[in-house]
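Residue numbers (my numbering), protein chains in the order written: chain B, 1 to 156; chain S, 1 to 156.
Keep in mind that a hint or two might mislead.
The list treats identical chains as interchangeable, and a pair is accepted whether it falls inside one copy or across any two copies.
Below, in silico cross-link-like pairs of lysine to any residue (SDA-like), each with a Cα-Cα straight-line distance of 20 angstroms or less [to be verified]:
no.	residue 1	residue 2
1	K35	M76
2	K32	G50
3	K110	N155
4	K142	L98
Derived by calculation from the structure, the hints in this document are not laboratory data.
Chain residues, written in single-letter form:
Protein chains: 2
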Amino acid sequence: MSILRSFTAALLGLGVFAGPALADGHLDAAVKARKAHMQLYAFNLGQLGGMAKGEIDYDAAAAGAAAANLADLAAMNQARYWPEGSDNFAMGEETRTLPALWDNIDDVMKISGDLEEATTALASAAGQDLDSLRAALGDVGKACGACHEDYRQSND
Amino acid sequence: MSILRSFTAALLGLGVFAGPALADGHLDAAVKARKAHMQLYAFNLGQLGGMAKGEIDYDAAAAGAAAANLADLAAMNQARYWPEGSDNFAMGEETRTLPALWDNIDDVMKISGDLEEATTALASAAGQDLDSLRAALGDVGKACGACHEDYRQSND
Chain B
1 MSILRSFTAA LLGLGVFAGP ALADGHLDAA VKARKAHMQL YAFNLGQLGG MAKGEIDYDA
61 AAAGAAAANL ADLAAMNQAR YWPEGSDNFA MGEETRTLPA LWDNIDDVMK ISGDLEEATT
121 ALASAAGQDL DSLRAALGDV GKACGACHED YRQSND
Chain S
1 MSILRSFTAA LLGLGVFAGP ALADGHLDAA VKARKAHMQL YAFNLGQLGG MAKGEIDYDA
61 AAAGAAAANL ADLAAMNQAR YWPEGSDNFA MGEETRTLPA LWDNIDDVMK ISGDLEEATT
121 ALASAAGQDL DSLRAALGDV GKACGACHED YRQSND
């Protein structure tokens with residue numbers, strides 16, 4: 001049994017979610033929380049990407065702070081964001097998370113570990129100089145993309 | 001010059017925000033980011049508060065994870081969330097942040113430090129037992145309330 005499944009099962013076993021109304025509120029809150037978390041990734045990545053592209057002047061302190069934020073975010077415990085039943089088949093347009101995520105938890109956790117590793121490296125590199133920042137951004141983008149490609153509904 | 005003011009001034013000095021349209025986008029992004037951050041506080045606090053009130057069975061691992069998330073969130077660099085001009089007088093209903101926040105940055109930073117300290121203590125206490133969790137929640141609530149009372153528009 002996967003971590004997320006067992007976590008959800010444990011919550012269900014507690015009788016925390018007594019009926020559909022409560023369950024929906026729980027699912028809505030989880031979706032909102034993971035969207036908030038993604039938004040904070042985007043906010044910090046946006047600044048670093050702007051520097052990498054030369055759209056924003058490189059600032060070592062600001063780059064280091066944004067990269068440290070990313071590493072903190074990636075290391076946070078996110079198990080409660082992904083209860084079963086919070087996929088886009090069950091919830092419709094409220095979320096773009098595909099049901100496949102719950103069928104491939106080992107892969108998801110592997111990508112999550114890759115993101116943590118890449119953001120930790122970025123946090124070391126970003127405040128050094130622009131070339132170091134640029135070099136370290138690639139692996140972060142790869143980890144983001146790996147999850148989005150397989151487990152997020154395309155907008156196309 | 002306060003940290004936030006000098007940070008904003010530095011960004012303006014870079015010419016990053018060339019005109020009203022870009023400036024608005026920057027302010028909107030900052031407001032969304034701070035709302036996302038607050039939502040993650042609420043998501044993690046909700047679980048801990050539910051345990052403290054007896055609405056959710058106490059679970060040491062889950063409590064410890066949620067409290068660690070709060071401590072990580074409180075320690076993150078949030079300077080870019082609060083550019084000048086992103087108060088509710090300037091931006092209307094998009095935000096409830098009062099202009100007073102920018103006039104009292106020392107107090108805001110003091111409360112921010114209190115929150116970081118209180119969440120660090122909570123992260124140590126929450127996984128021990130329910131009484132420790134309950135005892136440590138009080139100071140977290142005080143720090144949240146201190147900022148909301150003085151710098152957030154009341155809903156009344």
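Could you work out which earlier hints the structure fails to respect and list their numbers in ascending sequence?
-> Of the numbered hints, just 3 does not hold.
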